[in-house]
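> In the order they appear, the protein sequences are chains X and V. In terms of our numbering, the first sequence is numbered consecutively and its last residue is 1040. In terms of our numbering, the second sequence is numbered consecutively and its last residue is 477.
Hints are computed from structural coordinates only; laboratory data are not their basis. All figures in this text were calculated on a predicted structure; none of them were measured in a lab. Incorrect hints may have been included.
Listed below are several chain V residues computed to face chain X (Cβ distance under 8 Å; list not exhaustive) [stated by the list, open to error]:
1) 228
2) 229
3) 291
4) 332
5) 335
If you want a taste of the chain V side facing chain X, the calculated C-beta under 7 Å gives, among others [as the list claims (entries may be wrong)]:
6) 154
7) 158
8) 161
9) 220
10) 287
11) 295
Computed cross-link-like contacts, SDA-like style, restricted to lysine to any residue with a CA-CA straight-line distance of at most 25 Å [said to hold, decoys possible]:
12) V:388 <-> V:368
13) V:338 <-> X:976
14) V:286 <-> V:368
15) V:224 <-> X:1030
For each residue, glycine too, the CB sits at the ideal point set by N, CA and C.
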Amino acid sequence: MKLITAVVKPHQLEAVKAALQAFGVHGLTVTEASGYGRQRGHTEVYRGAEYTVDLVPKVRIEVVVEDADAEDVIEVLVKAARTGRIGDGKVWAVPVETLVRVRTGERGPDAL
Amino acid sequence: MPDGFSGGDTAFVLISAALVMLMTPGLAFFYGGMVRVKSTLNMLVMSFIALGIVTVLWVLYGYSLSFGTDAFHGLIGNLDHVGMRGIGMNDLNGTIPVTVFSAFQLMFAVITPALISGAIADRAKFSAWALFIAVWVTVVYFPVAHWVFFFDNGHGGWLGDRQGVIDFAGGTAVHINAGVAGLALCLVLGKRIGFKKDPMRPHSLPLVMLGSGLLWFGWFGFNAGSALAANGLAGMAFMNTQVATAAAMIGWLAYERIKHGAFTSLGAASGAVAGLVAITPACGSVSMLGALAIGLIAGAVCAAAISLKYKLGFDDSLDVVGVHAVGGAIGSVLIGLFATGHVGQTAKGLFYGGGFGQLGKQAMGVAVVATYSFVISWLLGKAIHKTIGFRVPEEVEVAGIDQAEHAETAYDFSAVGASLARALSSPAESHQSAAKSTAQDTAKTGVDAR
């Protein structure tokens, strides 16, 4: 199994959710996040006082999928999250050793 | 009603009084949006409390000190109308009942101290602020209102009636007065923790826009209502108010675009307020083109003036000095240039063949009110600071004063935190009623969240 984590623009969340659902991903976890990439943040001006805002709002989407599906899910996710502009975010995958469904105690792919 | 009474004028001034009243909550939102989340409520209440305290004092002695028959060389009214004694329903001030005139002027007295609060946002103890308002209106606003607004055929207030300083709706009595008092207070209290280091961005620009919109709307009562009659002068003041405000918004935004590369919403709102401030003293004596010039100048100059605090090192949190003291001074002095002699007053400015006479009077009026307001406000602020303390403790300021001073927070961000707090609460607490524990969780989360 793989844990796929995506940090994307907040307003792309709905598109990503819909795309993952259409692909057949059963569940996901979404958290609010903030951060910056290579381009850093942006500058805001309030009555002449300029503030550099490094940390910009993002959402972090996490899904666990079977190994065979991982590449496809990443592709779906990236396609849905992409706007082509700076700050579209990152997606990465890491191996998952154990997965347990809390209600039933099922383990592994059965718990997905 | 007695001879001379006008139902039309009375209706107009009553509505104007209600419009001016709306400016205080409008100001509360204007300021409230500009502070950080943790101090929003305090900023709102600092304006609202003025409605409470000043109204009570106005009835007790404020009206009498401001508009009672002059007691001493145009400096202060007598105490004949303490408790509004001797003012009947049918007594007239011009064509309107004295009660209506009093209601209208009361709203000016309310908003003036509220304006000051922006200079000491985020760090003033609420009890000290309430005490300051009560004493300040008594020793500063009521006398200055008498100097400027009380007319009695040459036996009235010394600046307006005796010296001929023109202040149609409060450029000196309201805006310079409040702006300079704000400067005095922010010097007494000192800078906010983190000034010039931490970001202190406005937490809600929509609130700022809403507040400035309400101010603009209410300001028609402020300025047009000051004609005290539903007549051509009121119409002229109304249009001048609109024209100057529009021009000032453009002036501020143009400055901002050139200097900082963006047209900001805060700039638009601030420019509008700067224009309203500047045209206030002048709206009864200049033409609409004069109003346009005053607005443009005020917008650009106030936009430049707000950076003074960074250069000179005083922390006027919400730019009360840059907008109200500077804007009020611009409007008051420019009367000396732009007064046509054909609008409300016969005095002519320099550009209309009046020479330097009126310009000198206007400058004198600005200097006198600014000096008096600064000295007394500073002394009063210092006295409060040395006795009951004017500033909240450091830890309260860092955490935000809403919770500590008002036992409330402006927004509920506790959806996640509350369930966590509930999960961690002791068994004894979990037996309490649902409503009570919810309230506790919210309060706890407010603390935890910081």
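> Look at each hint and say if it fits the structure.
Hint by hint, here is what the structure shows:
With a least beta-carbon distance of about 6 Å to chain X, the hint placing residue 228 of chain V at the interface is held under the 8 Å criterion. With 8 Å as the threshold, the beta carbon of residue 229 of chain V comes within range of chain X, its nearest partner Cβ sitting at about 6 Å, so the hint holds. A hinted interface residue such as residue 291 of chain V counts as satisfied when its beta carbon comes closer than 8 Å to some beta carbon of chain X; here the least separation is about 6 Å, so the hint holds. Nearest Cβ of chain X to the Cβ of residue 332 of chain V: about 10 Å, over the 8 Å cut. The hint is violated.
A hinted interface residue such as residue 335 of chain V counts as satisfied when its beta carbon comes closer than 8 Å to some beta carbon of chain X; here the least separation is about 10 Å, so the hint is violated. Residue-level restraint check for residue 154 of chain V is violated (minimum Cβ-Cβ distance to chain X is 30 Å; threshold 7 Å). Interface hint at residue 158 of chain V: violated, since its Cβ lies 30 Å from the closest Cβ of chain X, which is beyond the 7 Å cut-off. Contact between residue 161 of chain V and chain X, as hinted, is not supported at the beta carbon level, the nearest pair being about 31 Å apart and thus beyond 7 Å.
Here the hint on residue 220 of chain V is broken, as its CB sits about 17 Å from the closest CB of chain X, past 7 Å. Hint status for residue 287 of chain V relative to chain X: holds, with the closest Cβ pair at about 5 Å, below 7 Å. Nearest Cβ of chain X to the Cβ of residue 295 of chain V: about 11 Å, over the 7 Å cut. The hint is violated. About 15 Å separates the Cα atoms of residue 388 of chain V and residue 368 of chain V, which keeps this hinted pair within 25 Å; it holds.
Our distance criterion of 25 Å between C-alpha atoms is met by residue 338 of chain V and residue 976 of chain X, whose separation comes to about 12 Å. Restraint check: the Cα-Cα separation between residue 286 of chain V and residue 368 of chain V comes to about 37 Å, which exceeds 25 Å; the hinted pair is violated. For the given pair, residue 224 of chain V sits about 47 Å from residue 1030 of chain X by alpha-carbon distance, which is inconsistent with the 25 Å threshold.
The structure fails hints 4, 5, 6, 7, 8, 9, 11, 14, 15 (numbered hints given earlier, in ascending order).
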